[in-house]
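Enquirer: The residues making up each chain are set out below.
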Amino acid sequence: MSTYPSPQRHHILSVLVQNKAGVLARVASLFARRGYNIFSLAVAPTEDPQFSRITIVVDVEGTTLEQIVKQLFKLIEVVRISELDPQKSVERELFMATVRTDGENRGQIVELANIFEAKVLAVGVDALTLSLEGSPEKLDDFEELLRGYGIVELQRTGRIALPKLDREAHSRAVKGKAS
Amino acid sequence: MKITGAEALIKALEMESVDVMFGYPGGCILPAYDPLLKSSIRHILVRHEQGAGHMAEGYAHVTGRPGVAMVTSGPAATNLVTPLCDAYMDSIPMVAITGQVSTSAIGTDAFQECDTVGITRSITKHNELVMSAEDLPLAIRQAFHIATTGRPGPVLIDIPKDVLQNSMTWHWPTDEEVQASLPGYHPTTKGHPRMIKEAAKLILAAERPVLYLGGGVLKSRAAEVVREIAELLNIPVVTTLMARGAFPDSHPLCLGMPGMHGTAAAVTAMQKSDLLIALGARFDDRVTGKVSAFAQEAKIIHVDIDPAEQGKVRRPDVPIVGDCKLVSIEILKALRELLDGGEVQADIAPWRSRCSGWQEQFPLSYEPSAPGAALKPQFCLEQIRDHAPEGTILVSGVGQHQMWSSQYWHFDEPYTWVNSGGLGTMGFSVPAAIGAKVGRPDKTVWAIDGDGCFQMTAQELITASISKIPIKVGILNNSYLGMVRQWQEMFYGERYSEVDLGGGVPDFVKWAEAMGCVGIRVDSPEEVAPAIERANSINDRPVVVDFRVEEFEKVFPMVAAGASNDDIILPPSQNDRREYLR
Chain A
686 MSTYPSPQRH
696 HILSVLVQNK
706 AGVLARVASL
716 FARRGYNIFS
726 LAVAPTEDPQ
736 FSRITIVVDV
746 EGTTLEQIVK
756 QLFKLIEVVR
766 ISELDPQKSV
776 ERELFMATVR
786 TDGENRGQIV
796 ELANIFEAKV
806 LAVGVDALTL
816 SLEGSPEKLD
826 DFEELLRGYG
836 IVELQRTGRI
846 ALPKLDREAH
856 SRAVKGKAS
Chain B
1005 MKITGAEALI
1015 KALEMESVDV
1025 MFGYPGGCIL
1035 PAYDPLLKSS
1045 IRHILVRHEQ
1055 GAGHMAEGYA
1065 HVTGRPGVAM
1075 VTSGPAATNL
1085 VTPLCDAYMD
1095 SIPMVAITGQ
1105 VSTSAIGTDA
1115 FQECDTVGIT
1125 RSITKHNELV
1135 MSAEDLPLAI
1145 RQAFHIATTG
1155 RPGPVLIDIP
1165 KDVLQNSMTW
1175 HWPTDEEVQA
1185 SLPGYHPTTK
1195 GHPRMIKEAA
1205 KLILAAERPV
1215 LYLGGGVLKS
1225 RAAEVVREIA
1235 ELLNIPVVTT
1245 LMARGAFPDS
1255 HPLCLGMPGM
1265 HGTAAAVTAM
1275 QKSDLLIALG
1285 ARFDDRVTGK
1295 VSAFAQEAKI
1305 IHVDIDPAEQ
1315 GKVRRPDVPI
1325 VGDCKLVSIE
1335 ILKALRELLD
1345 GGEVQADIAP
1355 WRSRCSGWQE
1365 QFPLSYEPSA
1375 PGAALKPQFC
1385 LEQIRDHAPE
1395 GTILVSGVGQ
1405 HQMWSSQYWH
1415 FDEPYTWVNS
1425 GGLGTMGFSV
1435 PAAIGAKVGR
1445 PDKTVWAIDG
1455 DGCFQMTAQE
1465 LITASISKIP
1475 IKVGILNNSY
1485 LGMVRQWQEM
1495 FYGERYSEVD
1505 LGGGVPDFVK
1515 WAEAMGCVGI
1525 RVDSPEEVAP
1535 AIERANSIND
1545 RPVVVDFRVE
1555 EFEKVFPMVA
1565 AGASNDDIIL
1575 PPSQNDRREY
1585 LR
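Line by line, the protein sequences are chains A and B.
Mind the numbering: the first sequence is residues 686 to 864 in our numbering, read in order.
Mind the numbering: the second sequence is residues 1005 to 1586 in our numbering, read in order.
Quick caveat, the hints were computed from the structure, so don't treat them as lab data.
Treat each hint with caution, since some may be false.
With beta-carbon atoms standing in for the labels, derived distance ranges [stated by the list, open to error]:
(1) B/A1297 x A/A717: 46 to 56 Å
(2) B/A1109 x A/K705: 17 to 27 Å
(3) A/E802 x B/V1295: 13 to 23 Å
(4) A/A710 x B/S1043: 49 to 59 Å
Some chain A residues judged to face chain B by a derived CB distance under 10 Å, without partners named [to be verified]:
(5) V702
(6) A710
(7) I761
(8) R791
(9) Q793
(10) V795
(11) R832
Computed from a predicted model, the values in this text were never measured in an experiment.
Glycine residues also receive a C-beta, built at the ideal position from the N, C-alpha and C atoms.
Given only the sequences and the hints, what does the whole structure look like? Please build it.
Expert: Written out as structure tokens, the structure reads:
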């Protein structure tokens, strides 16, 4: 089971917006109105409380991506959009899962968690809640392996990303121009 | 000194040089109507909030200044939805003020509460719920700035009742403060110099160029410089439905309107062109027909202030983001430099003669009515046109009468044509004509309407009567939803479904008189000219002329929806000449 869209069609947009009421709704309704698909979305204030950063993973071909970016720019509160190349950015996501355990296999699950450097957040009679922070691919692998034990509940945050520091041209940022 | 939010709102509108607004009071907006009593702003009390919106649009169309509409919350705000969407589609600058329930009541399903900013989010260029009286002046300044710069459009400001009632300290934000408050809004107006140079080279090299003018030419007030470009190089010009008047129809280079009901010459010239110079046009489906079959051999220069229009429908060879006027000035300069430097334009004489051939072979035409037979709508339009005082503004609704208006009028000046292009809003004509007349009281304003359209918004003629706005309305009354009937005839095997409006009712003359207008009924060709002359001579009240026209008349030429422009359907009388379209 492939959890994420294929690499060619998967694009990460890092969208800097004014931190104002209704901005997220504006972004979301633009996607809905124009028929674009959001794969995952994470939003939080930045170092400057005036601005928030929305990290959106979209699953589209090139021309549609160009339209998405241009349409997003038309929103007055969008200040800057960077398309982050997955090869040239660091991505993180947080994952929490409650896994069924019959007692006998608890050791196996904990061992698996140790290998992945996951944390055990809660222990119940017949279940464990684990958390793992890391690259989305690592999370995919962990999820795949846990599935065999029976995942009761699963929650992923959606990825956040920033450009890598040790490269020259790490992101394609276009200044906030709109009409 | 402290003033109320309501006083600040009206003062801010005065600071923005608003001279007139169209509106309707009600519960939540009540506080704003009190300071209006001592304001210099003229308020026109409409009969339905939709009318206020279309009047603001009509006003903006002819003046270039933003139209202002003010209404209350809930149902009033939802009644404004259609005009907002109309203005958004046609890039009309407009500022809408809506009342909202008090801040403490928001979200409680209070009386006349609705999520106005939520509802209008995707049909406004921007909207804002103002939560504090202190924020009102900046919100209003931003609204006018956003509505009128970049690609123009409607902006809505939603104001809770308590925000209007609360007191605040007046402060009018400076330009710098407005800029700083909009860190993400910097429309590009100047075109890229390299692209402009490239465009100029392509234009000189083209053997079959066409200037494809859209509404952006009018919005940026570029008509004059565009004409200079056309005349410098003898390039044929087409003007889209939104650009009628941007280039004179009487000019020898003008091929008329392209698109679904465009002239055969305009449609075919675009199809056969090797270079389309698109200025402020957006490759609308009504212009391109089937996109994959549209102007297949043409390279594209696309000038548009909205970057999102570049490549949305057709990928341009030379994209230029910028204001049409500024970019056209630069292109003209670049062309002159190239010519002065010894460059020579490709020989376009054969192309010119092909285009004129199409014009000669395929003029707009209709069969005149036989003696004693019903009036032809095209004849009525020609007569109104021929009797119109110079500079008359023509406004239309949506449907057959709209297409005939665009086809048979001779638009020789910019800002003399007002219609609903993108959204296709039936009922647009009467209120938009009222707005246009308020904006240009010095001009004669004729609204051409269908009997279907007229019945949607006719009550605004009461507004016109009472507020002394003497517009003229010509109803091309065929007792049918004519355009839908035409499609059912042509594409649904003459199976007429729900298009018969039941001829005879209403009595439009009595209705007009009941609304304080002069009503005139016209049945035969001899009555047409005298009725128009009489209408033109009345300037103290609105006039409605009910032209009873032929029921089965169709609009030609026509490109069927989704068909290629190559498959243009000609008027029956020209079918035998089809081979000349090559």
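Enquirer: Does each hint fit the structure? Answer for all of them.
Expert: To see whether the hints hold, each was checked on the structure:
Checked against the hint of 46 to 56 Å, the pair B/A1297 and A/A717 fails, with Cβ atoms roughly 31 Å apart. Hint check: B/A1109 to A/K705, Cβ distance near 22 Å, so the stated range 17 to 27 Å holds. Checking the proposed 13 to 23 Å range against A/E802 and B/V1295 shows it is violated: the Cβ atoms sit about 52 Å from each other. A/A710 and B/S1043 have their C-beta atoms about 34 Å apart, which leaves the hinted 49 to 59 Å range violated.
Evaluation of the A/V702 hint against chain B yields a held restraint, the C-beta minimum of about 7 Å falling below 10 Å. Because the closest C-beta pair between A/A710 and chain B is about 7 Å apart, less than 10 Å, the hint holds. Interface restraint check for A/I761: the shortest CB-CB distance to chain B comes to about 5 Å, inside 10 Å, so the restraint holds. Evaluation of the A/R791 hint against chain B yields a violated restraint, the C-beta minimum of about 47 Å exceeding 10 Å.
Residue-level restraint check for A/Q793 is violated (minimum Cβ-Cβ distance to chain B is 50 Å; threshold 10 Å). Proximity of A/V795 to chain B is violated relative to the hint, the smallest CB-CB distance being about 46 Å (cut-off 10 Å). Restraint check, A/R832 versus chain B: the minimum CB separation of about 39 Å is more than 10 Å; hint violated.
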